[in-house]
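Just so you know, the protein sequences line up as chains A, B, C and D, in that order. Per our numbering, residue 1 is the first one in the first sequence, and the count goes up by one each step. Per our numbering, residue 1001 is the first one in the second sequence, and the count goes up by one each step. Per our numbering, residue 2001 is the first one in the third sequence, and the count goes up by one each step. Per our numbering, residue 3001 is the first one in the fourth sequence, and the count goes up by one each step.
If you are wondering where the hints come from, they were derived from the structure by calculation, not from laboratory data. Hints are not guaranteed to be accurate.
[Unchecked claim] The list that follows gives simulated cross-link-like pairs (lysine-lysine, DSS-like), each with its CA atoms no further than 30 Å apart: (1) C:Lys2069 - C:Lys2002; (2) A:Lys132 - C:Lys2002; (3) C:Lys2054 - A:Lys137; (4) D:Lys3069 - B:Lys1058; (5) C:Lys2069 - A:Lys58; (6) A:Lys137 - A:Lys42.
[Unchecked claim] Residues from chain B shown here face chain D by an in silico Cβ test under 8 Å; the list is partial: (7) Arg1003; (8) Ala1043; (9) Leu1044; (10) Tyr1052; (11) Trp1071; (12) Val1092; (13) Thr1117; (14) Ala1119; (15) Pro1120; (16) Trp1133; (17) Val1134; (18) Ala1138; (19) Ser1139.
Here a beta-carbon is modelled for each residue, glycine too, at the ideal position from N, C-alpha and C.
What follows is the residue order along each chain.
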Amino acid sequence: MIRVQREDFDPGAEVAALTRGRHDVGGVVTFVGLVRDLAEGKALGAMTLEHYPGMTEKQLRAIDDEANRRWPLAASLVIHRYGRLEPGDRIVLVATASPHRDAAFDACRFLIDWLKTQAPFWKLEEGEAGAKWVEAKASDDAAALRWQAKPAKKPDAAE
Amino acid sequence: MIRVQREDFDPGAEVAALTRGRHDVGGVVTFVGLVRDLAEGKALGAMTLEHYPGMTEKQLRAIDDEANRRWPLAASLVIHRYGRLEPGDRIVLVATASPHRDAAFDACRFLIDWLKTQAPFWKLEEGEAGAKWVEAKASDDAAALRWQAKPAKKPDAAE
Amino acid sequence: MKVLYFAWLRTRIGHAEDTIELPKGVEDVRGLIDLLRAQGPGYALALTDLATVKVAVNHEYVGLDHKLKPSDEVAFFPPVTGG
Amino acid sequence: MKVLYFAWLRTRIGHAEDTIELPKGVEDVRGLIDLLRAQGPGYALALTDLATVKVAVNHEYVGLDHKLKPSDEVAFFPPVTGG
């Protein structure tokens, strides 16, 4: 399930709703991303998250579907906010519920890693020196790549 | 921070309290373990969690300290319940907050993996065929072992 | 054809959207970019370095060789920074 | 010396706690286990297979060779199953 919204969300209530009556769930992993008061070592006043309505939902849905294909999830939820946010504000929620915790952990991390490189959001930070568009991080590309299918090991490869 | 208690907890409120006013936190990862209605394919009515008061707190504190030594955490919290629990009930909460999400994910998983092999709790399940002490799972031992320091790779090792 | 700009591509170009009639001979994304670059200095600046420009057609990421249809919605934007 | 039993070690032995005065010659965990096994069939059954028995002294995991002091709190229990 995915949602794109301006309003804040309540992680506890969202997760409770996600697993209500689902007694096959053994573990729920939740990631909440927050606005930090520092950006590249400089004080951050606030930020504005711009997005591409329509494409955002489509990309998030595709990522969520892929997570459910890869792992045996009982439920999954991605909520991403847009608009003006201040330090300490919630930006994103990713929650995954599964009978087994390894699947929930892997799927949650996969979702946030892919979301960061695929979902069309852009951060405009208001810092001491004015407004500045955040640059994409190479570390986020690397994080997403770790979820690509590994090539099959050659049978004669040394171990 | 660790807590051992009979009462339920509110994951949303706990995490909110953990990160309140901490604007250096970029990501919070939360794991909530729930009682499943199936145990080894058989219907589960309820379970009772017995623990070793004193040692439980000492072991959880040691695991929490170790997580904070290994990863740059802004805050961490482990809550584990004991007593009688029914399917759908919360058993355990692990929450980790960090400036960067990779640290929060790794530390959260480390905490739950170690807790499952080190913290003195025992589950007595009430199933269709009466009460039965749950046996430790080899998969949990394996999960904990992945956090042990890897031996340095030999420089001449084939890749 | 609707063409959208986001983030610093939008601020450099000065507006969020154009409606463009594809001239004969412009068949793919690369051709559209060449056409846009000729619209003015803001466009040329925004589309200088294609290594930092992503393209989506009808909400899907595409490459520069992607063929265009008159009914397509095309979007240009920098690498994403959400999450 | 306080000796505690948990989970199925407790149910097999039939109670949760013993107070034991270490006799001369019993110096480590292994010696204590031998002493306990002789206390009755419940003890012998609980302590049959040491591969499934964990030992803690003063709330820390120890091995069978761990030396004991009269003031120690010793606990026997199965592999843990919390979380």
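Cut-off 8 Å, beta-carbon criterion: hint that tryptophan 1133 of chain B touches chain D: OK, holds: tryptophan 1133 of chain B within 8 Å of chain D, min 5 Å.
Lysine 2054 of chain C and lysine 137 of chain A were given as a pair; does the straight-line alpha-carbon distance stay at or below 30 Å? Answer holds: lysine 2054 of chain C to lysine 137 of chain A is near 15 Å, not above 30 Å.
Was the hint right that valine 1092 of chain B lines chain D, CB cutoff 8 Å? This interface hint holds because 5 Å falls under the 8 Å limit.
Status of the hint placing valine 1134 of chain B at chain D (closest C-beta pair under 8 Å): 4 Å, holds
Let me know if the C-beta of tryptophan 1071 of chain B comes in closer than 8 Å to any C-beta of chain D, holds or violated. 19 Å, violated
Using the nearest Cβ pair, does tyrosine 1052 of chain B come within less than 8 Å of chain D? Holds - the Cβ of tyrosine 1052 of chain B comes within 8 Å of chain D, reaching about 6 Å at its closest.
Keeping to a limit of 30 Å between CA atoms, is the pair of lysine 3069 of chain D and lysine 1058 of chain B held or broken? 20 Å, holds
Under 8 Å, Cβ to Cβ, is where threonine 1117 of chain B needs to be relative to chain D, so tell me if that hint holds or is violated. 7 Å, holds
Given pair status - lysine 2002 of chain C, lysine 2069 of chain C, alpha carbons within 30 Å: With Cα atoms ~11 Å apart, lysine 2069 of chain C and lysine 2002 of chain C stay inside 30 Å; holds.
Can the hint on alanine 1119 of chain B be confirmed by a CB-to-CB distance to chain D that is less than 8 Å? 5 Å, holds
A closest beta-carbon separation below 8 Å is what the hint needs, so does alanine 1138 of chain B meet it against chain D? This interface hint is violated because 10 Å lies over the 8 Å limit.
If you take the shortest Cβ to Cβ gap from arginine 1003 of chain B to chain D, is it below 8 Å? Since chain D brings no Cβ nearer than about 14 Å to arginine 1003 of chain B, farther than 8 Å, the hint is violated.
Of the numbered hints given earlier, the model fails hints 7, 8, 9, 11, 18, 19; all others are met.
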